[in-house]
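Residue numbers (this note's numbering), protein chains in the order written: chain A, 1 to 379; chain B, 1 to 335; chain C, 1 to 260.
Hints were generated in silico from the structure; no laboratory data involved. It is possible that part of the hints are untrue.
To be verified - For each label pair, taking beta carbons as the anchor points, the in silico distance ranges come out as:
1. 228/B / 345/A: 15 to 25 Å
2. 196/B / 108/A: 45 to 55 Å
3. 12/C / 259/A: 15 to 25 Å
4. 36/A / 52/C: 38 to 48 Å
5. 255/C / 6/B: 41 to 51 Å
6. 196/C / 100/A: 52 to 62 Å
7. 199/B / 213/C: 36 to 46 Å
8. 196/C / 271/A: 48 to 58 Å
9. 28/C / 71/B: 49 to 59 Å
Claimed, not checked - Sample of chain C residues with no beta-carbon within 10 Å of chain B, all distances over it, derived:
10. 32
11. 91
12. 253
Think of the CB as a built atom: it goes at the ideal place given N, C-alpha and C, for glycine as much as any other residue.
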Amino acid sequence: MDMNFSKEHLMARQLFHDFAVNEVEPWAEQTDEGHRFPKEIVGKMQELGFMGVPFPKEIGGQGCDTLAYVLLVEELAKVCATTAVIVSAHTSLAADAIAQFGNETQKEQFLRPLAEGKKLGSFALTEAEAGTDASGLNTKAVRDGDSWVINGTKVFITNAGQADIYVIFAMTDKTAGTRGISAFIIEKGTPGFSFGLPEKKMGIRGSSTCELIFEDCRIPLENLLGREGKGFGIAMATLDGGRIGIAAQALGIAEGAFEKTITYVKERKQFKTPIAKFQNTQFVLAQMKTEIEAARFLVYDAALKKDSGKPYSVEAAMAKLKCSQVASDVTRECVQLHGGYGYIQAFQVERMMRDAKITEIYEGTSEVMKMVISGSLLR
Amino acid sequence: MGINKKSIFVFAEQVDNRITSVVFELLGKARELSEKLNAVVVAVLPGYQIAELPKDLYAYGAHKVLISDHQALREYRTEPYTQVIAEMIRQYEPQIVLFGATSIGRDLAPRVAARIHTGLTADCTGLRVEDERLRFLMTRPAFGGNLMATIVCPDHQPAMATVRPGVMVKRLPEPDAMGELIPFEIDLTENHLFTKILETVREEGSKKLDIQDADILVAGGRGMKSAKGFEILRDLADVLGGEVASSRAAVDAGWQEKAIQVGQTGKTVRPNLYIACGISGAIQHLAGMEESDFIVAINSDPTAPIFNVADVGIVGDVFKIVPKLTEAIRKERTN
Amino acid sequence: MNIIVCIKQVPDTKEVRIDPVKGTLIRQGVPSIMNPDDKAALEAALRIKDGMGAKVIALSMGPLQADAVLREAMAMGADEGILVSDPQFGGADTWATSATLAAAITKLEYDLVLAGRQAIDGDTAQVGPEIAEHLGIPHISYAKELRIEGDEVIVKRQFEDRYQLLSAKMPVLVTALSELNQPRYMTPRGIFEAYREKQVTHWQRNDIPVESENIGLKGSPTRVIETNPKVMKAPGTKIEEDVEKSVQYLIEKLKEKYIL
Chain A
1 MDMNFSKEHL MARQLFHDFA VNEVEPWAEQ TDEGHRFPKE IVGKMQELGF MGVPFPKEIG
61 GQGCDTLAYV LLVEELAKVC ATTAVIVSAH TSLAADAIAQ FGNETQKEQF LRPLAEGKKL
121 GSFALTEAEA GTDASGLNTK AVRDGDSWVI NGTKVFITNA GQADIYVIFA MTDKTAGTRG
181 ISAFIIEKGT PGFSFGLPEK KMGIRGSSTC ELIFEDCRIP LENLLGREGK GFGIAMATLD
241 GGRIGIAAQA LGIAEGAFEK TITYVKERKQ FKTPIAKFQN TQFVLAQMKT EIEAARFLVY
301 DAALKKDSGK PYSVEAAMAK LKCSQVASDV TRECVQLHGG YGYIQAFQVE RMMRDAKITE
361 IYEGTSEVMK MVISGSLLR
Chain B
1 MGINKKSIFV FAEQVDNRIT SVVFELLGKA RELSEKLNAV VVAVLPGYQI AELPKDLYAY
61 GAHKVLISDH QALREYRTEP YTQVIAEMIR QYEPQIVLFG ATSIGRDLAP RVAARIHTGL
121 TADCTGLRVE DERLRFLMTR PAFGGNLMAT IVCPDHQPAM ATVRPGVMVK RLPEPDAMGE
181 LIPFEIDLTE NHLFTKILET VREEGSKKLD IQDADILVAG GRGMKSAKGF EILRDLADVL
241 GGEVASSRAA VDAGWQEKAI QVGQTGKTVR PNLYIACGIS GAIQHLAGME ESDFIVAINS
301 DPTAPIFNVA DVGIVGDVFK IVPKLTEAIR KERTN
Chain C
1 MNIIVCIKQV PDTKEVRIDP VKGTLIRQGV PSIMNPDDKA ALEAALRIKD GMGAKVIALS
61 MGPLQADAVL REAMAMGADE GILVSDPQFG GADTWATSAT LAAAITKLEY DLVLAGRQAI
121 DGDTAQVGPE IAEHLGIPHI SYAKELRIEG DEVIVKRQFE DRYQLLSAKM PVLVTALSEL
181 NQPRYMTPRG IFEAYREKQV THWQRNDIPV ESENIGLKGS PTRVIETNPK VMKAPGTKIE
241 EDVEKSVQYL IEKLKEKYIL
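Whole structure, please, built from the sequences with the hints as guidance.
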């Protein structure tokens with residue numbers, strides 16, 4: 001179902017598909033096995049403008065839209081969930097936070113290089129003691145003369161260490177609860193800003209996930225993003241957009257596993273028959289297909305709403321909730337349909353099953369999605 | 001002198017004063033057609049200092065040779081060759097003109113066809129004269145080799161065709177055959193259409209036996225996994241007295257040279273024996289080898305399309321089977 | 001510098017299949033792509049543009065849906081796209097196609113005309129040289145390398161066992177092999193601009209200064225009278241045994257055939 005996609009969206013999808021198959025897929029296994037950040041692929045994507053798809057041309061972006069960005073993440077995720085999340089965290093978290101809340105100087109200084117693909121971005125909210133409870137931040141930012149001084153540690157940060165530009169959240173007023181949180185922009189290389197070692201993870205193993213460590217780290221006052229005390233709102237609003245990206249990633253993971261499984265069940269014979277002829281296989285595939293299509297509607301709809309300036313945070317939450325569930329369910333079923341081969345690395349679906357799980361957790365767990373959705377219902 | 005019957009022209013391509021082997025195949029076919037059409041076969045031979053060449057052309061079937069010996073024709077260039085052939089055609093009005101579908105033929109023939117305004121059919125694998133109306137039918141693959149098309153050129157003369165090397169059959173040569181030599185004079189003044197040859201560089205590897213001339217080919221595809229994987233094929237080819245060939249996949253992967261690529265965009269071969277190892281048998285590949293007399297396929301995938309054309313299909317691991325086969329053949333040979 | 005690139009929209013013949021029941025070509029659902037040799041020609045033009053500045057015009061003759069390859073060309077960096085399309089041009093063989101395209105080209109300014117060597121559906125490699133003949137300019141085919149030097153084009157022209165370095169004064173037509181280069185990807189921006197900000201010029205019959213006797217099916221000296229899907233050789237025997245038995249079987253068969 002094409003939702004009457006315009007010709008330019010269809011051609012863009014074809015571009016992303018070709019790139020994913022030719023440039024990304026051959027490296028997916030190595031990226032996973034080596035827990036290796038795919039630097040070369042990121043370099044190619046930066047050159048082609050893939051890191052700035054939804055941003056206006058005036059600020060160095062590609063001048064497309066959220067829908068085109070969703071198609072990119074989806075096509076990438078079909079072959080490599082790691083590559084997809086690198087783009088997503090950079091685009092709809094780091095860069096979009098600055099696009100929505102930055103002043104002109106900040107956009108010129110930070111958003112432009114992100115959109116042009118000259119620098120990579122990262123978004124850091126989560127701490128050891130502040131996951132779902134994002135208001136309980138311990139990282140502090142204190143004004144001192146012409147600088148902010150940052151102290152604290154962030155955990156589980158995507159693109160950490162590889163990114164050049166970080167959007168972070170810190171307490172500027174501990175007494176004010178969520179209204180005491182502010183957002184800041186900080187660059188790699190700033191004295192006092194260092195990284196922990198990359199985590200070894202269940203999935204998206206090539207994604208660089210590290211701690212950010214701030215020790216008396218001084219940044220210019222001008223690096224305050226948005227107004228002091230408004231950081232929590234900035235984080236929540238940005239995460240709404242980020243969820244659309246993660247939903248697209250989850251959708252792509254499900255589709256990638258599904259496509260591989262269709263091929264497999266036609267080739268695999270047992271009892272002298274391709275297993276595709278067995279009703280169990282057929283019914284399971286039919287159910288998965290329906291789930292995938294339903295999930296697809298939700299994420300494209302959220303993207304279209306964002307692009308047309310309509311409220312979209314509930315739609316984004318529903319999209320992420322559904323797509324991530326579908327990703328986990330579908331990849332698990334796909335492994336099962338592969339039988340023993342589903343457990344073997346070379347067949348890829350086991351990797352996709354491991355990759356899928358995180359989509360139910362990061363950028364807001366499925367539980368948080370339910371909080372957002374029910375919150376809007378029961379106001 | 002001259003040609004006062006119907007004639008079939010065959011472009012006698014020569015490089016470094018050696019006639020390209022496809023020309024002899026074309027002469028064989030032209031003689032066959034000439035019998036049906038009651039025509040003479042004329043080899044047209046542009047070149048420089050080529051007096052030694054006509055005797056081979058007679059030997060393989062030419063009744064006459066139309067020769068244009070001129071310094072401007074020493075090395076192939078589109079324009080002087082186009083001028084010569086076009087003038088020859090204008091003067092002698094042949095029914096049919098055949099070129100080998102070589103990199104020269106496929107460059108020259110369209111220029112000539114456009115100059116004299118006639119139809120040209122490319123890369124033909126079949127030429128015949130239909131019995132009743134004496135229509136000249138040209139058959140060629142299209143759609144990447146998925147379709148065979150039959151073409152006619154009803155209202156323009158001559159009907160021109162480029163013909164795929166390795167398809168038509170040479171006659172047995174008659175070394176004492178004689179024919180008529182017709183000199184063709186032409187004034188070839190350089191004009192803006194003439195290109196300048198700055199340099200000609202012969203490339204390495206052209207000394208190896210051309211796979212199109214080999215009687216036995218051992219070919220490898222993606223299933224050989226690497227350039228090193230081809231070593232066992234070399235061993236098998238050696239013990240059989242054959243040559244190694246390659247599918248497009250292995251050439252694209254950089255494991256083998258394009259000169260030994262078999263297929264729609266490579267070479268067409270019809271050896272006595274073709275052993276396809278680790279080759280899936282995509283239509284593009286089959287187009288280049290399915291006319292082989294005896295096809296053996298070795299592949300671990302029982303559903304590989306190559307088995308549809310193989311006379312003998314072995315489902316198994318090439319890396320286990322080929323070395324054992326080489327050993328067994330060596331034993332047979334020494335017994 | 002002005003460069004015209006002739007491109008063709010073709011079915012992706014790698015994806016074509018034969019209907020097992022009817023024995024006919026299944027054309028439906030086969031994706032359409034820019035002919036690979038033409039894409040290489042376009043990339044060559046764009047590299048000249050990147051290096052020394054040039055205006056690159058993509059030109060295509062085909063049905064209205066061929067608009068897509070012109071958009072693709074513009075998304076890669078071509079400055080303009082022109083579609084020559086009219087029912088009267090349909091059914092054209094290489095003479096009529098080249099006559100029509102050459103007539104279209106005479107309306108434009110050009111120093112260099114680039115085209116792919118052959119299309120993966122027609123596989124003739126004739127249109128390029130025939131266009132050059134109609135235009136009265138030299139052509140060089142099988143270009144493996146290409147560069148501009150002053151008012152000349154220097155081309156490495158590939159033969160089976162050698163290559164020539166040829167030079168010709170522009171205007172020249174050069175045909176490119178897909179091995180000439182690795183074409184660039186489009187960019188998302190290029191795609192959106194190609195569709196939202198640019199136009200494809202559409203030239204119909206009356207826009208093309210070509211004689212009626214040279215166009216379409218009627219203007220074609222050659223005619224296809226029949227097409228058949230390839231008749232596949234009948235399959236022989238196939239065995240799946242252990243290595244020893246397989247080798248023995250093969251040796252017997254080779255002996256039967258007097259190869260051993």
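Right, here's what the structure says about each hint:
For the hinted restraint 15 to 25 Å between residue 228/B and residue 345/A, the CB-CB distance of approximately 24 Å keeps it satisfied. Against the hinted window of 45 to 55 Å, the Cβ-Cβ separation of residue 196/B and residue 108/A comes to about 53 Å, which satisfies the hint. Take residue 12/C and residue 259/A: their Cβ atoms lie about 18 Å apart, and the range 15 to 25 Å holds. For residue 36/A and residue 52/C, the Cβ-Cβ distance of about 40 Å falls inside the hinted range of 38 to 48 Å, so the restraint holds.
Between residue 255/C and residue 6/B the beta carbon distance is about 49 Å. The supplied range of 41 to 51 Å therefore holds. For residue 196/C and residue 100/A, the Cβ-Cβ distance of about 24 Å falls outside the hinted range of 52 to 62 Å, so the restraint is violated. Judged by the Cβ atoms, the range 36 to 46 Å given for residue 199/B and residue 213/C holds: they are separated by roughly 43 Å. For the pair residue 196/C and residue 271/A, the supplied restraint of 48 to 58 Å holds, since their beta-carbon distance comes to about 55 Å.
Range check, residue 28/C to residue 71/B: about 56 Å between beta-carbon atoms, so the 49 to 59 Å window is met. Every Cβ of chain B is farther than 10 Å from the Cβ of residue 32/C; the closest lies at roughly 13 Å, confirming the non-interface assignment. Against the 10 Å criterion, residue 91/C stays outside the reach of chain B, whose nearest CB is about 13 Å from its own CB. Not every beta carbon of chain B lies more than 10 Å from that of residue 253/C, the smallest distance being close to 5 Å; the non-interface claim is violated.
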